[in-house]
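A.B. asks: Using the sequences provided together with the hints, build the complete structure.
Top to bottom, those sequences are chains A and B. Letter 281 of the first sequence, counting from 1, is numbered 280 in numbering that gives the first Met the number 0, and no numbers are missing. Letter 102 of the second sequence, counting from 1, is numbered 101 in numbering that gives the first Met the number 0, and no numbers are missing.
Just so you know, the hints here were simulated from the structure itself, not pulled from any lab data. All C-beta atoms, glycine included, are put in the ideal place defined by N, C-alpha and C. Any given hint could be a false lead.
[Said to hold, decoys possible] Among the chain A residues that face chain B by a calculated CB cut under 8 Å, a handful are:
#	residue
1	Val3
2	Asn113
3	Leu114
4	Trp115
5	His169
6	Thr207
7	Pro209
8	Ser268
9	Thr269
10	Leu347
11	Gly348
12	Gly349
13	Thr353
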Amino acid sequence: MKKVLMGNHAAALGAALARVDVAAAYPITPQTQSVELLAELAAKGDFKGRFVLADSEHSAMSILLGAASVGARTFTSTSSHGLAYMHELLHWVAGARLPVVMVEVNRALAAPWNLWTDQTDSLSQRDTGWMQFYCATSQEVLDTVLQAYRVAERVRLPAMVVLDGFTLSHTYEPVDVPSQAAADAFLPPYQPPDILDPARPISLGGLTMPKEYFRLRRRIDHDMRRALGEIAAAGRDFQTQFGRGCGLVEDYRCEDAATILVTAGAVGSTAQEAVDSLRAEGLRAGCLRLRVFRPFPTQALRACLPPRARLAVVDRSYSPGASGIFFQEIKAALYPSRREIAGYVAGLGGGDITVEFLRDIWRDADAGRAVADDPAWVEDAR
Amino acid sequence: MLEIRFHGRGGQGTVVAAKIIAEAVLNSGRGQCLAIPEFGVERRGAPVLAYARISEKPIRVRSRIYEPDAVVLLDPAFAASPAVTAGLKPDGLVIVNSELPRETLAARWPGRRVIAVPARRIALTHGLGTPASPLVNTAICGALCAILSLADWPALEQAVREAVPAAVERNLAATREAFEVFREAARAAR
Numbered sequence: 000m001k002k003v004l005m006g007n008h009a010a011a012l013g014a015a016l017a018r019v020d021v022a023a024a025y026p027i028t029p030q031t032q033s034v035e036l037l038a039e040l041a042a043k044g045d046f047k048g049r050f051v052l053a054d055s056e057h058s059a060m061s062i063l064l065g066a067a068s069v070g071a072r073t074f075t076s077t078s079s080h081g082l083a084y085m086h087e088l089l090h091w092v093a094g095a096r097l098p099v100v101m102v103e104v105n106r107a108l109a110a111p112w113n114l115w116t117d118q119t120d121s122l123s124q125r126d127t128g129w130m131q132f133y134c135a136t137s138q139e140v141l142d143t144v145l146q147a148y149r150v151a152e153r154v155r156l157p158a159m160v161v162l163d164g165f166t167l168s169h170t171y172e173p174v175d176v177p178s179q180a181a182a183d184a185f186l187p188p189y190q191p192p193d194i195l196d197p198a199r200p201i202s203l204g205g206l207t208m209p210k211e212y213f214r215l216r217r218r219i220d221h222d223m224r225r226a227l228g229e230i231a232a233a234g235r236d237f238q239t240q241f242g243r244g245c246g247l248v249e250d251y252r253c254e255d256a257a258t259i260l261v262t263a264g265a266v267g268s269t270a271q272e273a274v275d276s277l278r279a280e281g282l283r284a285g286c287l288r289l290r291v292f293r294p295f296p297t298q299a300l301r302a303c304l305p306p307r308a309r310l311a312v313v314d315r316s317y318s319p320g321a322s323g324i325f326f327q328e329i330k331a332a333l334y335p336s337r338r339e340i341a342g343y344v345a346g347l348g349g350g351d352i353t354v355e356f357l358r359d360i361w362r363d364a365d366a367g368r369a370v371a372d373d374p375a376w377v378e379d380a381r
Numbered sequence: 000m001l002e003i004r005f006h007g008r009g010g011q012g013t014v015v016a017a018k019i020i021a022e023a024v025l026n027s028g029r030g031q032c033l034a035i036p037e038f039g040v041e042r043r044g045a046p047v048l049a050y051a052r053i054s055e056k057p058i059r060v061r062s063r064i065y066e067p068d069a070v071v072l073l074d075p076a077f078a079a080s081p082a083v084t085a086g087l088k089p090d091g092l093v094i095v096n097s098e099l100p101r102e103t104l105a106a107r108w109p110g111r112r113v114i115a116v117p118a119r120r121i122a123l124t125h126g127l128g129t130p131a132s133p134l135v136n137t138a139i140c141g142a143l144c145a146i147l148s149l150a151d152w153p154a155l156e157q158a159v160r161e162a163v164p165a166a167v168e169r170n171l172a173a174t175r176e177a178f179e180v181f182r183e184a185a186r187a188a189r
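C.D. replies: Take a look at the structure:
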């Protein structure tokens, strides 16, 4: 049934439809309504799991670490400083191979104080061993929460479903909410392989010597790579059941493109409009959106790029002293390559990225003006 | 594509108005709609912006609205601000909550199409808010749906029921009154 929802509500409904056993969270702008709706659904009895309003994000993730260790399906959501405060526990959860799913609403980090969207918060958790999905619409947020549980439980790794603060989290749009029966048909109940159980005592996460530690880390990497296939399969099955779905990347008019805008998140939706308007002028424009960042979809990315197409990577993130984070990753994934890849840092701290702005960036890259090693910091002149 | 910008104040239900429009458009089956709040720290009484983008086709543009087809002023005090017509398309519409005569308002925005909606009076008639702080958003939505033919009454009624947190029947009465007045006006104009 179609309902007009904000992205935060789509996220909470996704968790409720996944029949989460334990949700623990602490509210923070701009994620707040995802927690509020879950609390409301729990109070009305529509959310059957246990809802815990934690005293901090660090505690929220600690609660989920415990709950997932005894076999619960678990959920949380956070943003920005809340995510940073969880950082230590993100490593614990991934290392313990617990399939926690978190919704992360992008927001810039202080100082100075800022509330608006910026992907540096989630991208700075890159090396924690969590899968990361970047959504372009609120529909995709709900759908990806369901898919994330399926993949996470199969590869035994946690997953972060990321959406743009305000641009998605607070924007109302029609979202098709599946029935509980349809959600159940897609996502079977969680069957944890081994759990903490007083009847069969085991120990989790105890002191481990270098050899075993190395091998366990290698297994995480193996399963993270295996997740590429699982994510693609979950997307296909979702498409079969619901008539909509997404793969690892979403390419748009790339087949014969001379220059391709590369984005992640809601900007990927606006970019399609920019591409159509450039095409209407006879220009060979295309765009590509990375829906999955970890595991990095190297093969899927290569498969949709024509051999000589230039890339204009638009990053709403930055690693000081280096460059935009997607820019680095894409260059690394395509190495060795003679392809021209230009990086643009835009819209940090919530700056709007409009069709006109994306057209300007595309034209700059298409003219070959950008220097490949240094990212261009670009502001919308309008 | 039809793009609307709402100028209101914190506590007036400006974002709720944009959401009602989105819901009404969806319910009416006439297209897609995004309701976008301007993203800030909410404070009662502070100027607030919200946007609605309406289209028959799926909406891909997710930026704010800079060149609206219509601006809606929930508080008549904004009339003095040049910001309200910033970027408004040359043939764009100014819809203002006001009981002033049309001529007075037309003189304020020379060359613009201006429509006054007596939303404050309608809201107070139905007991919504206080004279100092009337809750005009539902009356404005009623007028807007009629003026721009965005939705029929059943679609709008359902949208208001879903969106307003309290005083549902009084809000519906205010919505209906404004909707009827401006539907009649639109018919007469044809």
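A.B. asks: Are the hints correct? Go through all of them and say.
C.D. replies: Hints, one by one, checked against the model:
1. Hint status for valine 3(A): holds, given a least beta-carbon distance of 4 Å to chain B, under 8 Å.
2. Given the 8 Å rule on beta carbons, the hint for asparagine 113(A) is violated: about 11 Å separates it from the nearest Cβ of chain B.
3. Of the supplied interface hints, the one on leucine 114(A) holds, with its beta-carbon coming within about 7 Å of a beta-carbon of chain B, less than 8 Å.
4. Look at tryptophan 115(A): its Cβ gets to within about 6 Å of chain B, closer than 8 Å, so that hint holds up.
5. Proximity of histidine 169(A) to chain B holds as hinted, the smallest CB-CB distance being about 5 Å (cut-off 8 Å).
6. Given the 8 Å rule on beta carbons, the hint for threonine 207(A) is violated: about 45 Å separates it from the nearest Cβ of chain B.
7. Because the closest C-beta pair between proline 209(A) and chain B is about 48 Å apart, greater than 8 Å, the hint is violated.
8. Against a cut-off of 8 Å between C-beta atoms, the interface hint on serine 268(A) holds, since the closest Cβ of chain B lies about 5 Å away.
9. Given hint, threonine 269(A) at the interface with chain B, holds; its Cβ is 5 Å from that chain's nearest Cβ, closer than 8 Å.
10. Because the smallest distance between the Cβ of leucine 347(A) and any Cβ of chain B comes to about 15 Å, over 8 Å, the interface hint for this residue is violated.
11. Of the supplied interface hints, the one on glycine 348(A) is violated, with its beta-carbon coming no nearer than about 11 Å to a beta-carbon of chain B, more than 8 Å.
12. Contact between glycine 349(A) and chain B, as hinted, is supported at the beta carbon level, the nearest pair being about 7 Å apart and thus within 8 Å.
13. Checking threonine 353(A) against chain B: minimum C-beta separation of about 4 Å stays under 8 Å; hint holds.
Figure legend: structure checked against the earlier numbered hints; hints not met, in rising order: 2, 6, 7, 10, 11.
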